[in-house]
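Please construct the entire structure, taking both the sequences and the accompanying hints into account.
Number of protein chains: 4
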Amino acid sequence: MSAVKIAIAGASGYGGEELLRLLSGHEGVEIVAVTSRSAAGSALGEMYPRFLGTRYGGLKFSASTAEAMVAAGAEIAVLALPHGLAHEFAVPLLAAGLRVIDRSADFRIRDAAVFEEFYGGKHQAPELLAESVYGLPEIYRDEIKAARLVASPGCYPTSMLLPLIPLLRAGAVSAEGIAVSSMSGVSGAGRKAEVAYSFCETTGSLRPYGVPKHRHLAEVEQELSLAAGSGVRISFTPHLVPVSRGILTTIYAPLAGKAEAVGAALEAAYAREPFVRLLSGSQFPDTKNVVGTNFIDIAWRPDPRTGRVVLMSAEDNLVKGAAGQAIQSLNLMAGCRETDGLL
Amino acid sequence: MSAVKIAIAGASGYGGEELLRLLSGHEGVEIVAVTSRSAAGSALGEMYPRFLGTRYGGLKFSASTAEAMVAAGAEIAVLALPHGLAHEFAVPLLAAGLRVIDRSADFRIRDAAVFEEFYGGKHQAPELLAESVYGLPEIYRDEIKAARLVASPGCYPTSMLLPLIPLLRAGAVSAEGIAVSSMSGVSGAGRKAEVAYSFCETTGSLRPYGVPKHRHLAEVEQELSLAAGSGVRISFTPHLVPVSRGILTTIYAPLAGKAEAVGAALEAAYAREPFVRLLSGSQFPDTKNVVGTNFIDIAWRPDPRTGRVVLMSAEDNLVKGAAGQAIQSLNLMAGCRETDGLL
Amino acid sequence: MSAVKIAIAGASGYGGEELLRLLSGHEGVEIVAVTSRSAAGSALGEMYPRFLGTRYGGLKFSASTAEAMVAAGAEIAVLALPHGLAHEFAVPLLAAGLRVIDRSADFRIRDAAVFEEFYGGKHQAPELLAESVYGLPEIYRDEIKAARLVASPGCYPTSMLLPLIPLLRAGAVSAEGIAVSSMSGVSGAGRKAEVAYSFCETTGSLRPYGVPKHRHLAEVEQELSLAAGSGVRISFTPHLVPVSRGILTTIYAPLAGKAEAVGAALEAAYAREPFVRLLSGSQFPDTKNVVGTNFIDIAWRPDPRTGRVVLMSAEDNLVKGAAGQAIQSLNLMAGCRETDGLL
Amino acid sequence: MSAVKIAIAGASGYGGEELLRLLSGHEGVEIVAVTSRSAAGSALGEMYPRFLGTRYGGLKFSASTAEAMVAAGAEIAVLALPHGLAHEFAVPLLAAGLRVIDRSADFRIRDAAVFEEFYGGKHQAPELLAESVYGLPEIYRDEIKAARLVASPGCYPTSMLLPLIPLLRAGAVSAEGIAVSSMSGVSGAGRKAEVAYSFCETTGSLRPYGVPKHRHLAEVEQELSLAAGSGVRISFTPHLVPVSRGILTTIYAPLAGKAEAVGAALEAAYAREPFVRLLSGSQFPDTKNVVGTNFIDIAWRPDPRTGRVVLMSAEDNLVKGAAGQAIQSLNLMAGCRETDGLL
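Chains as they are written, first to last, in our numbering: chain A, 1 to 343; chain X, 1 to 343; chain V, 1 to 343; chain R, 1 to 343.
Please keep in mind that the hints were generated in silico from the structure rather than gathered at the bench. There could be a bad hint or two in this list.
Unchecked claim - DSBU-like mimics (lysine-lysine), calculated; alpha carbons at most 30 Å apart, straight line:
#1 V:K213 / R:K258
#2 V:K122 / V:K192
#3 R:K192 / X:K192
#4 V:K192 / V:K213
#5 V:K192 / A:K192
#6 A:K213 / X:K192
#7 X:K213 / X:K192
#8 X:K60 / X:K122
Here it is, written out as structure tokens:
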């Protein structure tokens, strides 16, 4: 089988860089173009010396246009662009016959009005929202295989949805009263020249932000509502902590039945999933066990004192929360094994 | 006024070291003895080179006994010992006429049965529990001034109680349905030779622990129940994160009335407190603004979508959460200004 | 004695912030003005929430002009400005009768041609170079007391000069063949919005820079040559490492006589200095013992295998290497005890 | 071609763990046994949850004996044991017909007297020293291919020898007057339960150690002397810095001829090496570009002011400095491509 040809837009961010790192070891994929507004004309190894001497070290960034991606012969395009820009690429790429995996929020929200409430501005390609598939492979595997347009989930949403969806589907937890606290590494903010993300301002710093209405709530509540069969509203507090990579999420959910139903629902959903690890015994998730990998580790503790279950998950925000999860979708779309390049 | 003479037991831990650092700059206090089982006979500056050339650099650790503290002429003893050891010192020290500030949990819980449920083993000096004052100066200032025995609060409890007590007293939040997520720096685990706290195992690591029934719940629920006038049960998840010092706590509490009542209750309680800073506008607490100081920073955000308020606090676990708060009590007991040595 | 009135220009950088932190505890000094181009009009506590509720939290930044500093009634001005800007302030401030402590390199180099070789551009006030005193208190204490203009040393130079000057003066080491490796925390680069100093690009990073001709060589070789009585040329490599604060310097110097002469010369120079700690026995300097303090720790190890001595020093680049050392000079100029506000 | 069967002794240390991580992706190698004194009987994934769900997650640690390794059918044994223990395994393993790659210092030093000077105690298998090959593949590739016993180099030595050997061989630098400063991540100290390596004692800490006679000098000076054709003595100072992984080494060497000879010699030696990257232009080595990889990055700057060249290298102490370099040797011995599992 010949390798599938892909192009990556916005490859100079942390998520794009991680796509390149992971795909360097994926024999079934050939990257034919990488675009970057800031780095066009430079070779990957010049911009990011860690790639010198590796498979794509000599690949040159092309201008950041859909045309360049089509001209390179790509079959599938991965968009690692800021919110609000993806539609400029997705529309012409789809028109040119490519399939598209989008890492932005632009096609994650089915209801354009909700998108506009959380992200501001008018949605520029609402006609694609009905077609777009929310790219959580553990939940929408078959739809992804057949999709033209996949909206790959956000990093925080992945860490909440995978623990909660099976529980809401099974009625093991209540749809009301859920609260979530997450902490994320600084790479989640992107490669930014801002004092707020400088070493000195972050290294000894623990801080919440985006309270009480972080943008990721839009996609999280959409998917939780679908799982619950009714509208779900949650509290969510993200925190910035001094690690480069990793998200640790802690969820408080009211038990809706017996405590044992929690483990049963998670086991039923994930026992055969290659990238979801349910921790047993006294183990807790720890980001150091997942950084650099596509795993998400999940543990849970029923608390009879409060009638809640505490769910905890750990993932690498740049892998399972971004590039790795996108490669799972890519593998599904291209007919590769889902674990290729990832395990 | 001559300086009050104090002795510190267990001064070789991080909390004890911080007491020594802060008291080096306190003219109204003279440290006459420091005890340490492991360091007896050594000078402070030998054990901790950062103290070389400072006020107490030449002070020698004495054997870890109550007798040594009495013999040194101390008027007030500060105990920075592990849980379960404090009563061995407190009983003879009180008998010898000293006043005692205890940094362990031994005298924080009014009900010996609750202590035994959370800490295990039989309480060794239950007769002192009725007399002991819970050493939160903002809540129990007058009682501390007159106390013989002060049980200085734990680091996590301080970060929850100061935001929540005024709200429960004022009826601004409900006593049911409170959930708390905290993250703490590694010094909270003490100066320990364990692989789990080594640099390599913690630097890239975010992890929960002690779920769902951390020991600190005993004192937290006791004090919240007193504030609410009824029994309070909360969910609490502590997390270990890669900073040396600092606790960031995020609290979800159901609003019991108008959202404005939250700010009003906090302002009424803390507007004149020297060490509680209520953050206004768009500011969030950040541990980097409090590390090394005795401040606790508090912010709040009502969330009409969920009917909750999100409360956030930041403190230095070794200062406001330990040594600094103990010095506030010491100042109150000794008749110094409450801010001496701290501001 | 009434407090001496001082004004600080460029107080919004890390060095300026540290001056404010240290002077908050100095009763003999009153800050009457702080200037900042970017923060004029804001209160210190608004810009830097860590100062809320402290002595200078309400102080407002004024416009960044010499006039504002004169108008505020300052007797001594401390300039914490980038290289090449200090003369714009120093000339009018001196003309208005103020004394000046400059934290930039502008007045450190006696020979304007050397300044221009290392810093580029024409020196704008060469007539002041003869008068300016190099502000190393341990070396130029009497000159500083009487100075109108003090050029406070750079952070790296302090860490090399204090170990080496007594050895060159005593002839214990050779003036030829000295090599120096230093590593510095990221605050040394200033409060900068650059990707290169972002958390993700620095936290796992060890890197040299500025090889082989770092600007600080100008003042280092000037002072070493004065100590040796002949021209000294050294190799110097600075490295950026992932700490906020601290410089660790390692020096290789050929022994010129007996190995014992090294310790003897250092003891003779520093035994009575309050801020230089000569480490004995098996101790090595460690930045964690000096961060936040004005100490410099020095150790040495003769190596008979190579005929060299290895000298090692640790300091806080923002205190002994910057703000603290400037306060030593300020105390000397103002007639305070040299340790006021620092110990 | 069937996979070569290997066994790893001491697999529960950081170096052993890294071997397991890298070999999980190496199709030409099959691990048939891992031994650990502390973990015998447990599965790899139980001890190190990061391996759960990966190729070797279910592999059980066997008792730490040579017999267990032979019984498992291993053809090549990799020893990741503390110094002084390797001979207990190497002698019986060689006798049983296995080939051995040793990661300790036991077989690196050709002269048993030098070994005993630097490591103490009597060498237990001096008869093997003449046969053992020093496992630097870029220098001893052909010897490694044919070796029964390979002594894989230390982490610091690799970072010095690769830059210096070609220069000494070519006469581009002098054999006298070389000085080296290195800084290493904390994993270099091993997985240790010691307060000195705890997070709180290392995170803000920069410190030298092992001055002036670190053990690694024995192998470094041996190999430099072979390259120079005469005895070489160098100064070497290692430093501990707060990163998990990575070594940055800075070398001062007197130029012996024209400055251009340095680059020419390095280009001649390494232009075709897959794992040595010579940085051009203004680039400096940075550990963040090599961590997790088997690359060593090298740059150089002649300094006409001092007549020296400054050489700088960066490597991952656990990969190119340990596990990766051992796999290069393994590949050479087993007839795989040298880059298999590494690129």
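Evaluated hints:
1. For the proposed pair K213 (chain V) and K258 (chain R), the alpha carbon gap of about 19 Å is at most 30 Å, so the pair holds.
2. A threshold of 30 Å between alpha carbons decides the hint, and for K122 (chain V) with K192 (chain V) the separation of about 26 Å falls inside it, so the pair holds.
3. In summary, the hint linking K192 (chain R) to K192 (chain X) is supported, as the alpha carbons are separated by about 12 Å, within the 30 Å threshold.
4. The hinted pair formed by K192 (chain V) and K213 (chain V) meets the criterion: a straight-line CA distance of about 23 Å does not exceed 30 Å.
5. For the given pair, K192 (chain V) sits about 12 Å from K192 (chain A) by alpha-carbon distance, which is consistent with the 30 Å threshold.
6. Taking the CA atoms of K213 (chain A) and K192 (chain X), the gap is about 40 Å. The hint is violated against a cut of 30 Å.
7. Taking the CA atoms of K213 (chain X) and K192 (chain X), the gap is near 23 Å; set against the 30 Å cutoff, the hint holds.
8. The hinted pair formed by K60 (chain X) and K122 (chain X) fails the criterion: a straight-line CA distance of about 34 Å is larger than 30 Å.
Going down the numbered hints, you'll see the structure goes against 6, 8, while the others check out.
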